[in-house]
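Colleague: Hey, can you work out the whole structure from these sequences and the hints?
The number in the numbering used here is simply the position in the sequence shown, starting from 1, with 33 added.
Since the hints were made in silico from the structure, they are not lab data.
Among the clues, some could well be false.
[To be verified] Pair ranges (Cβ atoms, derived): (1) S132 with V66: 20 to 26 Å; (2) A140 with R197: 21 to 27 Å; (3) D183 with G117: 36 to 42 Å; (4) G69 with A151: 45 to 51 Å; (5) L71 with R238: 49 to 55 Å; (6) A42 with G161: 19 to 25 Å; (7) L207 with P135: 22 to 28 Å.
For each residue, glycine too, the CB sits at the ideal point set by N, CA and C.
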Amino acid sequence: MGTAALLRAAGVGIGDEVVVPAFGNVEVAEAAVQAGALPVFADIDPVTYCLDPAAVDAAVTPRTAAVVAVHRFGRSADLAGLHGIGRRHGLLVLEHGESEAPYEERARRREHAAYLDARLRGVRTPDGGDGHSYQQYVVRVPGNGRPDRDAFARAVRARGVDCRVPVKTPVHRLPEFRRCVSLPETERAAGETLALPVDASLTRREMQRIVSACNALGGPVAVGSTAVFGV
Numbered sequence: 034m035g036t037a038a039l040l041r042a043a044g045v046g047i048g049d050e051v052v053v054p055a056f057g058n059v060e061v062a063e064a065a066v067q068a069g070a071l072p073v074f075a076d077i078d079p080v081t082y083c084l085d086p087a088a089v090d091a092a093v094t095p096r097t098a099a100v101v102a103v104h105r106f107g108r109s110a111d112l113a114g115l116h117g118i119g120r121r122h123g124l125l126v127l128e129h130g131e132s133e134a135p136y137e138e139r140a141r142r143r144e145h146a147a148y149l150d151a152r153l154r155g156v157r158t159p160d161g162g163d164g165h166s167y168q169q170y171v172v173r174v175p176g177n178g179r180p181d182r183d184a185f186a187r188a189v190r191a192r193g194v195d196c197r198v199p200v201k202t203p204v205h206r207l208p209e210f211r212r213c214v215s216l217p218e219t220e221r222a223a224g225e226t227l228a229l230p231v232d233a234s235l236t237r238r239e240m241q242r243i244v245s246a247c248n249a250l251g252g253p254v255a256v257g258s259t260a261v262f263g264v
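Modeller: Laid out in structure tokens, this is it:
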């Protein structure tokens, strides 16, 4: 059963609010709308990229009926914290999960992640706590946000590495869901994150190419008010 159907089955509908993340997963906000409710966006934890329970708590109003927790990139949302908020306010807490890869594939991804963790320079590697399964290996590119991240991505691609921006536009910035709301961690993550390949099928030579491509750039180097990348 989909998220919209679960919300409707729980009696969530017109006049209700559903707290959701704005960092990706537009389908979660759409599910709230399909149930007749209003999606309300809360900020994320900067380490897990999942809903921050404190931000969710701050977003709760008398009209709030549910919270949808989204697991991101192989990290789990803080379900204990969110369920605690749910019990305190009488809210339904739903999970929107990622498809789980077979055990051997997850183990191989973790091996690749450990390889990158130990060798990458100039980027902030992901926190591997809480049983990270590395559905995506998402790094932070330091510097001046989106311009430097995009320049870094173009340079890495030019060196033969198929990296990608995981969330180009937060949901609360999309025309159909535009909200005047402060989500600083969501905005920062959207401007700094980059997903590097970590697929189980990658060879050692391909992993070495990823490290070489990233480390050759040396991270952004400030020149006056402009950040450029060394080569």
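Colleague: A separate judgement is required for each hint: does it hold in the structure or not?
Modeller: Now for the hints, and whether the structure bears them out:
1. Evaluation of the 20 to 26 Å hint for S132 and V66 yields a pass: the beta carbon distance comes to about 24 Å.
2. As the Cβ distance of A140 to R197 is approximately 23 Å, the hint placing it in 21 to 27 Å holds.
3. As the Cβ distance of D183 to G117 is approximately 38 Å, the hint placing it in 36 to 42 Å holds.
4. Under the hint 45 to 51 Å, the C-beta atoms of G69 and A151, about 50 Å apart, fit the expected range.
5. Between L71 and R238, the C-beta spacing of about 51 Å keeps the proposed range 49 to 55 Å intact.
6. Restraint check, A42 to G161: a C-beta distance of roughly 36 Å breaks the suggested window 19 to 25 Å.
7. Checking the proposed 22 to 28 Å range against L207 and P135 shows it is violated: the Cβ atoms sit about 34 Å from each other.
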